[in-house]
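Peer 1: One-letter residues, chain by chain:
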Amino acid sequence: MSASSIFTRPARLAAIAPYVWMVLFFLVPFAFVLKISLSQTAISQPPYTPVFDLGAGFASLEAALAALSSDNFHLLFSDDLYVLSYLRSLVVAAVSTSILLLIGYPIAYGMARLPKRWQAIAMMLVIVPFWTSFLIRIYAWINILQHDGLLNQILLALHLVSSPVVWLSTDTAMYLGIVYSYLPFMILPLYATLTKLEPALEEAAADLGASPREVFWLVTFPLSLPGVGAGVLLCFIPIVGEFVIPDLLAGSDALMIGQTLWLEFFTNKDWPVASATAIVLLALLLLPLVLYDRLQRRQLEAAR
Amino acid sequence: MSARRRLSRFNIASLALGAAFLYLPILILVVYSFNASRLVTVWGGWSLRWYEEFFNDHAMIEAAWMSMRVAVASASIATLIGTLAAVALSRGESFKGRTLFSGMLYAPLVMPEVITGLSLLLLFVALNAERGFWTVTIAHTTLTMCFVAVVVQSRLASLDRSLEEAAMDLGCDPVRAFVMVTLPLIGPAIAAGWMLAFTLSLDDLVIASFTTGPGSATLPIRIYSEVRLGVKPEINAICTMVIGFIAVVIVSASVASKLSSARGESAAPL
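Protein sequences, first through last, are from chains Y and F. Quick note: the first sequence uses numbering that gives the first Met the number 0, first residue 0, plus one each step. Quick note: the second sequence uses numbering that gives the first Met the number 0, first residue 0, plus one each step.
Calculated directly from the structure, the hints in this document are not laboratory data. For each residue, glycine too, the CB sits at the ideal point set by N, CA and C. Fair warning: there could be bad hints in the mix.
[Stated by the list, open to error] If you want the footprint, here are the derived chain Y segments under chain F, 3+ residues with CB under 8 Å:
| no. | stretch |
| --- | --- |
| 1 | 143 to 150 |
| 2 | 161 to 175 |
[What the hints assert, rightly or not] Label-pair distances were calculated between CB atoms; the ranges are:
| no. | chain 1 | residue 1 | chain 2 | residue 2 | range |
| --- | --- | --- | --- | --- | --- |
| 3 | F | T98 | Y | A282 | 13 to 23 Å |
| 4 | F | L23 | Y | A119 | 16 to 26 Å |
| 5 | F | V178 | Y | L83 | 50 to 60 Å |
| 6 | Y | V19 | F | N127 | 18 to 28 Å |
| 7 | Y | L154 | F | R160 | 58 to 68 Å |
Can you make the complete structure from the sequences, with help from the hints?
Peer 2: Shown next, in the form of structure tokens:
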């Protein structure tokens, strides 16, 4: 028996506490979301009619199963408000992720080509905004984009516009906020892949007569695809459910699904519809989530 | 050694623009927090009056205190459990339910916060738990322990295992070898994990909004409700203090990891 395999038993025991915690506080809660999404809305505290009462035995379970209602899901698919919210979320996430890739790739590529000493500093510069508050970074943009904000003052001073432009409560502001907030999530996985790339491969391609453009598109880019995949998923999935950025920067005429869920829960106090909204959102994100999980696990196995 | 790759003009331009894009908005926010004028966008000279305003705002101070307590408590629990999870992932080889285990640890990293928040709230309501400090702390722990696990696990993966094996060959049992050899080596990563968990908790609005109860708002919840009403100079001052506080935390962390790498250990990856 090798020394490292002696290590595995205590290491497996170490899994117990985190395992129990995540089952209890991550997995089990979804069962409650599912249960309440199938309940009837009621004006009470808490605001739903419970469908299961396990204390009352099997007879009531049968009655409860009969009372299960898919009304909330019917509502989601019949009311334009919800369908449009889901569509808008997917479109916004797809567009922002594309912009993020277009902006993030050149930055990550530049970082990977810096001398090693500078790479550490550049890496730090990308990570620091990740540590500073999300909300504060959105608020910083409100300062700049508001009616008499810095952007309009500069545009007016340069005579580029004759009257202040409305920036806040527009999709432009929302995209700006999303790209700003998620840029580190795109840059870091890209940089991690690009910096591990063997420079000799690019040199060999160049020596064999490839132009710099060909070197990039035939060698560098294909080899960086795992990083592209990680960055895209790391941005796309949370952006679909984003609440704060569209709420503070976009207009109120079209909502993203995170805002609709928030509205149902906090303003309308309709917990069953909010839960059903969450279930459908989760179903939409299942495929990207599984892809992300596989990518992460492959990296984990490669590192071991 | 291969020839050094040259930086093209395009590389330099994208780096400079990227840095400006990431930092200018925050810089502008900080400068305006010292603006004497009530109108946020009109410069009225340097002043500390908005900081004074904050220190007289009891509701805001109470929210900041609540956030601080939650952040310390949740980061500490998350670091303990997250480190255990990292050890299990990187040293436990294959065990029953490993796929589910790693899935549960990675999913919260990208899961939309509205889903995590709503599901935890429904659990707390079903358990009839009184909502406030502990419910927010548990919710934040659940999210941040996954980040801790990722940070510590990547350090464990890069660690030379022959050190642990040598300790065991010399008669240490696995737990002792871990405590005496591995733990000091991954210390900087654990510290980085704690600080990441701390700042994520301090920052969170959505999950805290779902899981807190009446009368125990966190700082982001208070800031959010003020921001919805428009830009206020006092908010600039609060945001600047939060940024300053986090900057101090990060700088001390990197100094600490420099010191430990000076002792022959390598720095934490994040």
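Peer 1: Look at each hint and say if it fits the structure.
Peer 2: Taking the hints in turn, this is what the structure says about them:
Look at the stretch 143 to 150 of chain Y against chain F: 5 of its residues bring a Cβ nearer than 8 Å to a Cβ of that chain, three or more, so the hint holds. For the stretch 161 to 175 of chain Y, the stated coverage by chain F is not satisfied: 0 residues place a CB nearer than 8 Å to a CB of that chain, which falls below the threshold of 3. Between T98 of chain F and A282 of chain Y, the C-beta spacing of about 20 Å keeps the proposed range 13 to 23 Å intact. Distance hint check for L23 of chain F and A119 of chain Y: the Cβ-Cβ separation is about 23 Å, which falls inside the suggested range of 16 to 26 Å.
A C-beta distance of roughly 56 Å is found between V178 of chain F and L83 of chain Y, which places it inside the suggested range of 50 to 60 Å. Checked against the hint of 18 to 28 Å, the pair V19 of chain Y and N127 of chain F passes, with Cβ atoms roughly 21 Å apart. Between L154 of chain Y and R160 of chain F the beta carbons are some 59 Å apart, a value that agrees with the proposed interval 58 to 68 Å.
Comparing the model with each earlier hint shows a violation of hint 2 alone; every other hint is respected.
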